Structures are given as structure tokens and as C-alpha cells.
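Asks: Using the sequences provided together with the hints, build the complete structure.
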Amino acid sequence: MNDSEYHQLADELLNNLQDAIDEVEFDLDYESAGGIVEVIFPNGTKIIVNKQAPLHQIWVATKANGHHFEFKDGQWIDNRGGSEFWALLTEAATRQAGEPITLAM
538 MNDSEYHQLA
548 DELLNNLQDA
558 IDEVEFDLDY
568 ESAGGIVEVI
578 FPNGTKIIVN
588 KQAPLHQIWV
598 ATKANGHHFE
608 FKDGQWIDNR
618 GGSEFWALLT
628 EAATRQAGEP
638 ITLAM
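Numbering of the sequence shown is given in the working numbering, commencing with residue 538 and proceeding in unit increments.
Derived by calculation from the structure, the hints in this document are not laboratory data. Being a predicted model, the structure only gives us computed values, none of them experimental. The beta-carbon is built from N, C-alpha and C at its ideal position, and this holds for glycine as well.
Computed Cβ-Cβ distance ranges for the label pairs, DEER-style:
#: 1; residue 1: E628; residue 2: S569; range: 18 to 24 Å
#: 2; residue 1: E562; residue 2: A624; range: 17 to 23 Å
#: 3; residue 1: D540; residue 2: V561; range: 28 to 34 Å
#: 4; residue 1: Q545; residue 2: R632; range: 26 to 32 Å
#: 5; residue 1: D540; residue 2: P579; range: 34 to 40 Å
#: 6; residue 1: A598; residue 2: G635; range: 15 to 21 Å
#: 7; residue 1: G581; residue 2: G611; range: 32 to 38 Å
#: 8; residue 1: N580; residue 2: D540; range: 35 to 41 Å
#: 9; residue 1: G635; residue 2: Q555; range: 20 to 26 Å
#: 10; residue 1: S541; residue 2: K600; range: 29 to 35 Å
#: 11; residue 1: W596; residue 2: S541; range: 16 to 22 Å
#: 12; residue 1: E542; residue 2: A570; range: 20 to 26 Å
#: 13; residue 1: D559; residue 2: G581; range: 19 to 25 Å
Replies: In C-alpha cells, the structure reads:
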């Protein structure tokens, strides 16, 4: 993947994340700037999703740990645990909110 393809895919993912947050029936908020989306929970915790352009990755920092995603076979996959981006984000958001939350495109 070249830099242009990476930026297109990563920007699309971050835009889809913002749309997904808007659709959730839970009091989530977000702030977005410069390739970073901070998902903000009512309890003050955050999930931070940001572009890592030099590595062609998306990094996700949750209350529990961090994850590095690479685009493989049409999906963003965690290079440590093998989780798909939306599945991991849904699990992490549910944990941080203390109730079920589904984040999806």
C-alpha cells in the first residue's frame, strides 16, 4: 500500500468511527483533530484512535491496553491479537462504559 492509499483508508475509518459514535444510544462523545479521534465516556475514560502514517497503521489506546492495526484483506486487523478493529472497539467500549455498546460501520 502506498501513502495515498493508506491515508484514504485511514481517513475513511476515522470518519466511520465518528459516524458510529453518533449512532450509539449511549452518551458517548468524541473530539477529532489531526488524525486522532478521542472517544469520551461519561465516566471520564477515553479510547484514543490515531493514525500512524509512517507505519501505515491505526493505533488504539484503551483503558486496558494498546493495539496496532494494519490493513489486511479489506479489514483493519490488530497485529498482536488478530482482532478486527470494530470487534475490538465494541469490546473495549462495552468494558469502559459498563454496559453493552456496539460500534460498527
